[in-house]
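**Q** Let's have the full structure, built from the sequences with the hints guiding it.
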Amino acid sequence: MSMTTEGYLFLFALATAAMLLFGMVFFSIMFSDLECDYINPIDLCNRLNTFVIPEKAVHAFLWLTFLLSGSWIAMLMNTPLLAYHINQVINNRHLYDATEIFRTLPQHKKECFIKLGFYLFTFFYYLYRMIVSLLLG
Amino acid sequence: MPSNFIPPVVGTPPPPGPGGAPPGSRAGRRAYPTGDPYVNTAQQLDPFSASSPYDRPATPGMASPALGGGPQPQQYFPPGAQGQNFQGHPGGAQVPSFGGQSGGAQVPSFGGGAHVPAFGGQPDHPSHVQSSVSQHPASNADPKYKRCTLNAIPQTMALMNKCKIPFGLLLTPYRHLLAGEDPVPLINPPQIVRCRRCRTYINPWVQFVEQGSRWKCNLCFLTNEVPSFFDWDPDTRAHVDRMTRPELTHAVVEFVAPQEYMVRPPQPVVMLFIIDVSHSAVQSGMLATAARTILDTLDSIPNTDNRTKVGFITVDSALHFYNLSPNVSEPQMLVVSDLDDTFLPMPYDLLVSLTESRPLIEALLQRMADMFKNTTNVGNALGRAIQAAHKMINAIGGKIIVLQSTLPNVNEGSLKQRDDPKLWGTPKEVSLLQPQSGFYKNMAVSCSPTQVSIDVFLFSPQYADVATLSGCAKFTGGSVYYYPHFNAARSEDAMKFAHEFSHFLSRPIGLEAVMRVRASKGIRMTAFHGNFFLRSTDLLSLPNVSPDNSYAVEMALSENLTSSLACFQTALLHTSSTGERRIRVITLAIPVTNNLADVFTATDQIALASLLSKKAVERALTSKIEDAREALMYKLDDIIGAYKSAFTSSGQSVQLLVPENLKLLPLLILGLLKNNAFRTTSSVSSDLRSYLMAMLYVLPPELSLVQMHPRFWSLHNLDPTAGLPGPDGEFVYPPCMNLISEKLDRQGVYLLENGLEMFLWVSRGTSAQIVHDLFDKPSYDAIVPGKTTLPILQNDYSTRVNNIIGKVREVRLQMMTNYPHLIVVKEDGDPASRAQFTSQLIEDRIDSSYSYHQFLSVVRERLAKVSAA
Chain A
1 MSMTTEGYLF LFALATAAML LFGMVFFSIM FSDLECDYIN PIDLCNRLNT FVIPEKAVHA
61 FLWLTFLLSG SWIAMLMNTP LLAYHINQVI NNRHLYDATE IFRTLPQHKK ECFIKLGFYL
121 FTFFYYLYRM IVSLLLG
Chain B
1001 MPSNFIPPVV GTPPPPGPGG APPGSRAGRR AYPTGDPYVN TAQQLDPFSA SSPYDRPATP
1061 GMASPALGGG PQPQQYFPPG AQGQNFQGHP GGAQVPSFGG QSGGAQVPSF GGGAHVPAFG
1121 GQPDHPSHVQ SSVSQHPASN ADPKYKRCTL NAIPQTMALM NKCKIPFGLL LTPYRHLLAG
1181 EDPVPLINPP QIVRCRRCRT YINPWVQFVE QGSRWKCNLC FLTNEVPSFF DWDPDTRAHV
1241 DRMTRPELTH AVVEFVAPQE YMVRPPQPVV MLFIIDVSHS AVQSGMLATA ARTILDTLDS
1301 IPNTDNRTKV GFITVDSALH FYNLSPNVSE PQMLVVSDLD DTFLPMPYDL LVSLTESRPL
1361 IEALLQRMAD MFKNTTNVGN ALGRAIQAAH KMINAIGGKI IVLQSTLPNV NEGSLKQRDD
1421 PKLWGTPKEV SLLQPQSGFY KNMAVSCSPT QVSIDVFLFS PQYADVATLS GCAKFTGGSV
1481 YYYPHFNAAR SEDAMKFAHE FSHFLSRPIG LEAVMRVRAS KGIRMTAFHG NFFLRSTDLL
1541 SLPNVSPDNS YAVEMALSEN LTSSLACFQT ALLHTSSTGE RRIRVITLAI PVTNNLADVF
1601 TATDQIALAS LLSKKAVERA LTSKIEDARE ALMYKLDDII GAYKSAFTSS GQSVQLLVPE
1661 NLKLLPLLIL GLLKNNAFRT TSSVSSDLRS YLMAMLYVLP PELSLVQMHP RFWSLHNLDP
1721 TAGLPGPDGE FVYPPCMNLI SEKLDRQGVY LLENGLEMFL WVSRGTSAQI VHDLFDKPSY
1781 DAIVPGKTTL PILQNDYSTR VNNIIGKVRE VRLQMMTNYP HLIVVKEDGD PASRAQFTSQ
1841 LIEDRIDSSY SYHQFLSVVR ERLAKVSAA
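First to last, the protein sequences are chains A and B.
Heads up, the first sequence stops at 137 in this note's numbering, and the numbers go up one at a time, no gaps.
Heads up, the second sequence stops at 1869 in this note's numbering, and the numbers go up one at a time, no gaps.
Hints in this document: simulated from the structure, not taken from any laboratory.
Heads up, some of the hints might be wrong.
[Unchecked claim] No more than 30 Å apart at the CA atoms, straight line, and that leaves these computed lysine-lysine pairs for DSBU-like:
hint, chain 1, residue 1, chain 2, residue 2
1, B, K1373, B, K1416
2, B, K1162, A, K110
3, B, K1807, B, K1743
4, A, K109, B, K1624
5, A, K110, B, K1441
Note that the coordinates shown come from a computational prediction; the quantities given were computed from them, not determined experimentally.
**A** And the structure:
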């Protein structure tokens, strides 16, 4: 059992997925704070907006490493989410707007939970691939 | 002047003194430290911090009281009322189809003798005051303050879904009092009594239990202690009958708020003027008129205890600040042309006390027009100006008043001339209605926490980009005023602006306010419409409470209602312009019913149409104008379809069945579809559309009614009593007519008023007598079309017509700070102005839209299709 490049790749993907997962948990905690009036919308939007672009950038970078390393399954899994992110950025809908946040809150929460579930799934998938590559290595 | 001439009222009466508190009470003793902290404030206060004492929402997940089976909702409708017990067809108005009977004999309308009270009518619903605890006639909220679309609320969610009527409240908490209205009672009790759990204020609809020693909250049903001062006045040591207390007799009351309701001492009135001094502002005369008006109004600006502060910034491609310190002999101008960074040239003395620096302020205003009269500068740096203004007043809060003539084109916040007449009337027009830059909206969002509001006056000769600049006002509780093609050389333009501006500056307003609406258990708020910033799920932050603004709250049932009365309480915590912290509480109680027929019999069609207009504006701005129009049609189909499916058995019907209370709803929706804000036409500029949408979004129901269905009078055959005060002192208007061009007589003179403008239609065959009496002209051909001021002549006819016009203007000025232009339209005159007039005749067929009859038959066909499918 030794670490191949594939092993290292999926180790890196695992760490990144964990980070993205924690990011999504942070977002959903912030949304529930907003609903319980522990934070006001202006502060919420300022805090969340600092993480929106980095999260998308990190995910795009992960997708790129899958592309370059030839792990097609992992790349294809992440492509829909990447397309969704790109669509959001092009239409300028990625940032949170303090004046509209209460109106669009249900949509944002739903998006957050779906991404949370997706990142959790990919976390376990990368874990599986890493262990497989360690065992086969 | 003839003896029966009523001179129009200009400006506003001074605000009433802080009377109303009983003797021996705490009226004279202030609840806050009296030293003025606003002279040199160093610390920044954050009203948004979590330790704010502002109303905290009730904690979620509160234990619901063990109510068991609640009492059955009693029928509050007096026996024999329509719709109570019916079989078969209820008392719905039956509107004949187009192919059926001829003529408009049966078609419901406002005209034809039906008397519409001057301000859109009040719903004829019993106010149930006999069920309030004091049974005082004022114990249910006056509809002018608060109205609900449903005056009988369905008890269960299933019933609510079945009736398909949008459930909402329309509030105007801080309206300007018209002549003859009583002021809101002001109370200064030793303690403000509130429910322990839901924090509702005590109101006329609570119940007293245990021999009056405890009171049961009507919103959450918790019993609370009644404090001893309710029955025993400690100051005079006498028994007081608690049922005479204003908290229990009046539904609209104002409390003086003690220190727990303040984060900081109440702020003074602060007005900071940002005046455009570029070439077009000076050429059009805007600068001179504005300076003149401010100068004339300086005495009427609210200035209790001499605390009011004012400041001026003039803007062209540089910013000019003015040192108005009382220690200098003349106002000094400081020019800042380096706009890379916002900075203030002097830390103090740019914002000065109105009383101390009065001579300097007067000197500045007198010279302002001359200082810039030869300017050739066409730049305008509004973005930087607003940032500088915000820096100047963010420690205190207040009003920033922007008077703008040129499109901002320098540095931050500059806007492009993006108007394109080819897009008007096409689906792509919505891109012109949305802001082109987020700068002004972000500016507004950062102003709101510091209690700064921005009001915008736009005077551009060309494109003013109302859509982007109105964002400043929209999120800070301000207002937008639009004067297209303003030219002070035309006296009507100058008069209109002067009247409106002086009313705007001198009326009482509320400052640093928050508003919350609470409702009975089982009702929750889903959406809010109006100019404010939503600070929490149900807390509206209003840096400035303007009497022009109304708010709409959409609600939904989250569980079945258990009590027989649903109550809605609005609390507005504000600082009055006299410098006192006050809480205005408005309580509305509406019976709950289990019977679908009662729900339909008790709807308020005017409130409903007003709520739909605001929803349509929101839809138009977020997606497309077509979507808004379709949504209106679908909603109308839904409502009438729900009525039809609930009360008729047949699928196809020859006639359109509409409940009695909603019989004018199709007409109002048609008027809304034909309003310039939503009409499919390429002759309405996108600026005008944005402005009308911004107006519709904040108008109270009486005024949105006039926008949807203008008032139309014939003047050539005036009744002898019309135009003069009637026997009960109320002004007598001529009878309103249907808005149909059939009514235009060959010899008639007609007046049409829609809240923003008045049109005077003069037919070709008008009698020479009228032409002479009214216009002082020898013949019809000599009458000048366009904006006019009617001469005040010494004959009875002219006096009465001028009385009518003056009365309309007085009321519109006080209700919405609008002094309508009077535009003369000749029958053979310019087609564009004729089209402006005829497009207001909503029952007619205009362009490719439907006439009223056709519209009704279209609705009937759509319903038949739906029920057959």
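**Q** Take the hints in turn and mark each one as holding or not.
**A** The hints, checked one at a time:
| no. | hint | verdict |
| --- | --- | --- |
| 1 | K1373(B) with K1416(B) | holds, 26 Å |
| 2 | K1162(B) with K110(A) | holds, 28 Å |
| 3 | K1807(B) with K1743(B) | holds, 24 Å |
| 4 | K109(A) with K1624(B) | holds, 25 Å |
| 5 | K110(A) with K1441(B) | holds, 26 Å |
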